[in-house]
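Sequence lines, in order, name chains U and H. The numbering used here numbers the first residue of the first sequence as 156 and each following residue consecutively. The numbering used here numbers the first residue of the second sequence as 402 and each following residue consecutively.
Mixed in with the good hints, there may be bad ones.
[Claimed, not checked] Covered stretches of chain U, going by a simulated chain H footprint (3 or more residues, C-beta under 8 angstroms):
| hint | region |
| --- | --- |
| 1 | 214-220 |
| 2 | 238-244 |
[Unchecked claim] A partial selection of chain U residues facing chain H, derived with a Cβ cut-off under 10 angstroms:
| hint | residue |
| --- | --- |
| 3 | M156 |
| 4 | P178 |
| 5 | N180 |
| 6 | A203 |
| 7 | M209 |
| 8 | M210 |
| 9 | P326 |
Treat the hints as calculated values from the structure; they're not laboratory data. Please read these numbers as outputs of a predicted model, since none were measured by experiment. Virtual Cβ for every residue (Gly too), placed ideally from N, Cα, C.
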Amino acid sequence: MKMTKIYEGSHQWIMFGRDEGKPNNIIDTNQYVVRTPNRCLLLDPGGAELFAPMMAAVLHHAPVDQITDLFASHQDPDVISSLGLWDQALTNAKLHAPAVWEGFLRHYSCESIEYIPIPDNGGTIKLESVELQLIPAHYLHSSGNFHVYDPQAKILMSGDVGAAIEGPDSPVFVDNFAAHVEKMRYWHQRWMPSNQAKRVWIERVRNLDIDILAPQHGRMFKGDDVKRFLDWFDALQVGIAV
Amino acid sequence: MTNQTKSQFIAVASITSELSAVMVVAKEISLAAANAKAIAFRAGDKAKGFQPITDFINELAKETIELVTNINIYALVLYRLTVDEFQKTIAYNKFELAAKMAEDAVFAKTMQGPVDHAKLSMQDCQRQFKRDVSQLLGQLEAVMHHARAARVIAANSRIEASQAGEYLQSLQAVAESVDKAAHTIHDNVQRCRIALSIYRNS
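Just chain U, with the same shape it has in the complex (with noise of 0.2 angstroms):
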């Protein structure tokens, strides 16, 4: 598992991501871990099949008991079908999601996580002295959808808006956003649902100040790739399946 440090000031972001050893029929993604001095979030943990390299990884960056924080940006497998196995792992840890998901979530598998819903408005999570906001990106393309955008960082982590299919041997960040392009089209047509939907998302990130945008799946946006994406997503129609 790939580990780059996106940020490093009175806390860090790490995201992990292009695994060597994972099986090739299932999708690659991104994970990231939000560490303060004794807590650690992660973010959009992944599925069931990465918990062993995951967790092997953040154990460079912090015990298994500081550990203490999920979030779930949405429901879906490569998302947190590995909820069941973190579940047995950690003893106090909460995991923060969409309130219309819980039930759903919970058929992963949630005994000892305590579940915290977010509301459809959005919400903060405090990991000591650090704020996150929850950023709501409902239809983005699931129906119960949250970003997560720290002030401080100045990173929105915008599952699978920005997303991209890439080899494992793809640079984390993109080097080339003209030629990047083709690499998201076909993504955001298919899976994003609502041009209204994504529209409001625009809308409200560009009240953001972004240095990092980091999706789910692919490479991340930094500088002024990050306008260019926007711009590029506010242009593109969506919902293409129908």
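Given chain U's structure and the hints, the job is docking chain H onto it.
Frame of chain U; chain H shown alone:
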């Protein structure tokens, strides 16, 4: 899923299937008892010895239905335990793998707690499963006992039927149906016992 887990799931599922057939047959015995009672009543003195037998048959059928209902509830508990054990085994294997992959990690040692805990939980489930299987086998033995008793009653019924004059054929048919039902119950329960016996607590 390992072959051991697969066969455990199949064994538990097969109990429910076999027992649902036993339930149908036990209800048939109950019906046969009601039928026999009506014939014996009509036969009057000619079937005097048959009348108490019908009560036995009915009682036996009721007890069998009750036992099977309880066993079905128990089988459901056993099924849940099998699922639990399966999940705990997966967790233990994944935790061990994570610990191995994290060998050079700064906090690798902190994984030992979850590994040990998962191992204990898995072993607890395995022990509990064996204990529950032993108890279930005891309950199945009780059903077998009922089936054997039903066959004895069927033999007695034949003797009493032979003295019932023109009612002989009707009462013999009742005895035959009880005997056949007892056979079926015996065979089905025996299959359940064989399926479970390899998991019994030694």
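Here is what the structure says about each hint:
| no. | hint | in the structure |
| --- | --- | --- |
| 1 | 214-220 | holds (count 7) |
| 2 | 238-244 | holds (count 4) |
| 3 | M156 | 9 angstroms, holds |
| 4 | P178 | 14 angstroms, violated |
| 5 | N180 | 18 angstroms, violated |
| 6 | A203 | 8 angstroms, holds |
| 7 | M209 | 8 angstroms, holds |
| 8 | M210 | 4 angstroms, holds |
| 9 | P326 | 24 angstroms, violated |
Hint violations for this structure: numbers 4, 5, 9, all remaining hints satisfied.
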